[in-house]
Structure formats: structure tokens, C-alpha cells
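Trainee: Sequence:
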Amino acid sequence: MAQLMSEDDVARVLVRMAHQIAEKNPGVQNVVLAGIRTRGVPMAQRLAENLARIEGVRLPIIAVDVEPYRDDRPNPRRDAFWAGDFDLTGRIVVLVDDVLYTGRTVRAALDALVERGRPAAVQLAVLVDRGHRELPIRADYVGKNIPTARREVVRVKLAEIDTFDAVILEKEGVGH
Numbered sequence: 006m007a008q009l010m011s012e013d014d015v016a017r018v019l020v021r022m023a024h025q026i027a028e029k030n031p032g033v034q035n036v037v038l039a040g041i042r043t044r045g046v047p048m049a050q051r052l053a054e055n056l057a058r059i060e061g062v063r064l065p066i067i068a069v070d071v072e073p074y075r076d077d078r079p080n081p082r083r084d085a086f087w088a089g090d091f092d093l094t095g096r097i098v099v100l101v102d103d104v105l106y107t108g109r110t111v112r113a114a115l116d117a118l119v120e121r122g123r124p125a126a127v128q129l130a131v132l133v134d135r136g137h138r139e140l141p142i143r144a145d146y147v148g149k150n151i152p153t154a155r156r157e158v159v160r161v162k163l164a165e166i167d168t169f170d171a172v173i174l175e176k177e178g179v180g181h
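In case it helps, our numbering puts the sequence shown at residues 6 to 181.
In short, the hints are calculated from the structure, not lab data.
C-beta: ideal position from N, C-alpha, C; glycine also.
Since no wrong hints were added, every one of them can be taken at face value.
Cβ pair distances, simulated, as ranges: (1) ARG123 with ARG143: 20 to 26 Å; (2) ASN35 with ARG58: 18 to 24 Å; (3) GLU177 with ASP92: 39 to 45 Å.
Take these sequences, add in the hints, and give me the full structure.
Mentor: Written out as C-alpha cells, the structure reads:
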């Protein structure tokens, strides 16, 4: 097990990503942050706090549960998955997740998003991009690129869920 990012590293990266979002979307009034459950939601909340300090605008945050939309798992249901009912038509949606790996979670999130309207654009923000894409998906905002072997596992820890912030690299089978 190796710690790749500390609490300070995570905080610094989320501030940098907020600046990048503000730069790419001047004024940010038309932006919605969509956090993919579980750790994408507190990340979206932190980005919103950083953007409020930078731009003076409090962005709406929605939570997306992608499980009903996964193509690599059984799908027993396709029902409401939003924290809050929000029409995305014409909005710029910044999809937020902790780790970008195969791209399947993002693909499922895109399916979920279009059920709630037709966004003007969808951008992707991830804390860690570990490579090994199975789908042609690329993040617009990346906290850190961490090349990994497929047998390794990247674990993002966030204080809101795990009591501390860190990014940890583990060998497969450790801590499962």
C-alpha cells in the first residue's frame, strides 16, 4: 500500500480544478455540478465551495446514482436516482467522480444525465485518472494522472465518508 496523495494534496488539487472550471466556463452561472455517488458527491460539494470563493456564485449540485445504468452489472431497476429534481436542458454539466478507470461509470452517468434533459455540454472532472480506458472517454479536469497496473486498486478516501482525505494505491486483493 502506498499513499499517493495526502489531505493537503487533495485540497490543493480541488482548488486548482475549481479555477480550471471557472476559466473554461466564465461566470459559471449556467454550470451544474453532478457528483457520481458515492465520492463524487462530496467532491462536487467541495468544488462548489471553492467556486463560490473564486466566482462568488453558488452552483447547484445534483447527485447521480449510476448503478441502474451500468452495462457491466445486472440492472434490476431504472428509477429515480437524483437528489433533487433538476432539468439539465441548456445547462453546462460538470460530472464529478473520484477515479476514472475504464470509462464505464462515466458512460452510465451520461445515460442518466440525458434522461433529465439535453445539457448544452457535459464536462468531466476526476480526482484521479488511472488509465486503462475501455471506452473513448477523457476527462476535462484531472487532479492527478496515476499510471497503474490493472491488478492495482486506487482508493480515494474523503473525510465526509472515510474520516480522512487521501489517495492510496493497493495491490489487488488488499483490503477488499
